[in-house]
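Fit chain U to the supplied structure of chain D, relying on the hints for placement.
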Amino acid sequence: MSATVAVILALAVGTYAFRLVGPALHGRVELPVRVRELLSAGAVVLLVALLATGALTEGGGFAGWARPAGVLVGGVLAWRRAPFAVVVLGAAATTAVLRGMGIG
Amino acid sequence: MVGNMRSAQRTTPAFLDPGLLRDVSLVCLAGGVVGVSFGAIAVAGGLPVWVPVVMSLVVYAGSAQFSAVGVLLAGGGPVAAAVTGLLLNTRTAAFSLAVAEHIGPGRLALLVGAHLVTDETVAFTLAQRDPARRRAAFWISGLGMFAVWNTGVLAGALAGSALGDTARYGLDAAFPAVLVALVLPALREDAGVRRAALPGAALALAVTPAAPAGVPVLVALAGLALHGGGRERGHGRGRGRSV
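Protein sequences, first through last, are from chains D and U. Numbers 1 to 104, taken from this note's numbering, label the letters of the first sequence in order. Numbers 1001 to 1243, taken from this note's numbering, label the letters of the second sequence in order.
Okay, chain D solo, but in the shape it has when bound:
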């Protein structure tokens, strides 16, 4: 069990260190405007990459059709400026229904 404790500790300490990068630098280093722009853009780039890989892949392979179909429905709803709740529930419901019909 001590190996498990070590995993949890390493993950906790490492993750908190990553999360502390921003707050630790904040106020100490005056970042140039260009760098701040790139940081904001970088956050969006990461989020878009996360949603793309999260929508389409699972464990390095294709996630099946149900999930990307649900995300696509959610995306179309969001594009048409549907309320947030409709986007989220539309995506989940689409995927759930497809799975219920036996589509991966």
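Among the clues, some could well be false.
Chain U side only, calculated, beta carbon under 8 Å to chain D, not exhaustive [said to hold, decoys possible]:
| hint | residue |
| --- | --- |
| 1 | V1043 |
| 2 | A1044 |
| 3 | V1051 |
| 4 | V1058 |
| 5 | A1094 |
| 6 | H1115 |
| 7 | A1174 |
| 8 | L1184 |
| 9 | A1197 |
| 10 | A1204 |
| 11 | L1221 |
Covered stretches of chain D, as calculated for chain U (at least 3 residues, CB under 8 Å) [to be verified]:
| hint | stretch |
| --- | --- |
| 12 | 28-42 |
| 13 | 79-88 |
No wet-lab data here; the hints were simulated from the structure. Quantities reported herein were computed from a predicted structural model and do not represent experimental measurements. Cβ coordinates follow ideal geometry from the N, Cα and C atoms, glycine included.
Coordinates of chain U only, in the frame set by chain D:
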């Protein structure tokens, strides 16, 4: 937006915005159910109840927790489990840089707030327009997600495998959809962000089959090379705008 202290009037409406509260509640609810499934999967796989519970409190990063437990349960060994989880969480360093100015003021707020930096809190924060609303969004979504996620994990760990397959609820599609809804305004408004994000995501997808978990998303940052100068950001209000 140098030191956003400038916008001194932190109006209460930012905190009480029913739209924001509703959106956050919904994401919390979905996150809670994912937390339940995390707790249940860990315990059903043979780990004692305290492992998912403590891990959720101190690591607090869904995807890293799932993959670390997955590696452990698959017999991949502790080193592989820790490395996979940490690799997945490297992105939080970039996220914390992007939201740092919206967490504070004060050292304690920064130290506590850092632990609450997740994909969802960053997306909620950056989707707001002005600094006061961004700070409100960060803390409301951060504290809400933390409370609900950990409660969910505890419930799932105690319930064990009694829940059945949570995939049938389609929640795995809800989270990418949440991110779509939150980043869409930035993509719509800012051509530079679009130029960086779309090829970046394509690149991430392309390397996913070959790269270890967590790496593809980082590779996407190469898309920033296409971001171009900050010149043509004209069509928006100057500050705090582009996510």
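Here is how each hint holds up against the structure:
1. Among the interface hints, the one on U/V1043 is violated; its C-beta lies about 13 Å from the nearest C-beta in chain D, farther than the 8 Å criterion.
2. At a threshold of 8 Å, the smallest CB-CB gap from U/A1044 to chain D is about 16 Å, leaving the interface hint violated.
3. Given hint, U/V1051 at the interface with chain D, holds; its Cβ is 6 Å from that chain's nearest Cβ, closer than 8 Å.
4. Interface restraint check for U/V1058: the shortest CB-CB distance to chain D comes to about 4 Å, inside 8 Å, so the restraint holds.
5. Checking U/A1094 against chain D by beta carbon gives a least distance of about 5 Å; that is within 8 Å, so the hint holds.
6. At its closest, the beta carbon of U/H1115 sits 6 Å from a beta carbon of chain D; the interface hint therefore holds under the 8 Å criterion.
7. Hint status for U/A1174 relative to chain D: holds, with the closest Cβ pair at about 4 Å, below 8 Å.
8. With its C-beta approaching chain D no nearer than about 5 Å, U/L1184 sits inside the 8 Å limit, and its interface hint holds.
9. Of the supplied interface hints, the one on U/A1197 holds, with its beta-carbon coming within about 4 Å of a beta-carbon of chain D, less than 8 Å.
10. Using the Cβ-Cβ criterion of 8 Å, the hint placing U/A1204 at the interface with chain D is satisfied: the shortest such distance is roughly 4 Å.
11. A cut of 8 Å between beta carbons decides the hint on U/L1221: the least distance to chain D is about 6 Å, and the hint holds.
12. A count of 10 residues in the stretch 28-42 of chain D with a Cβ less than 8 Å from any Cβ of chain U is obtained; the coverage claim is therefore met, three being the minimum.
13. Chain U is given as covering the stretch 79-88 of chain D, and this holds because 5 residues of the stretch bring a CB closer than 8 Å to a CB of that chain, at least three being needed.
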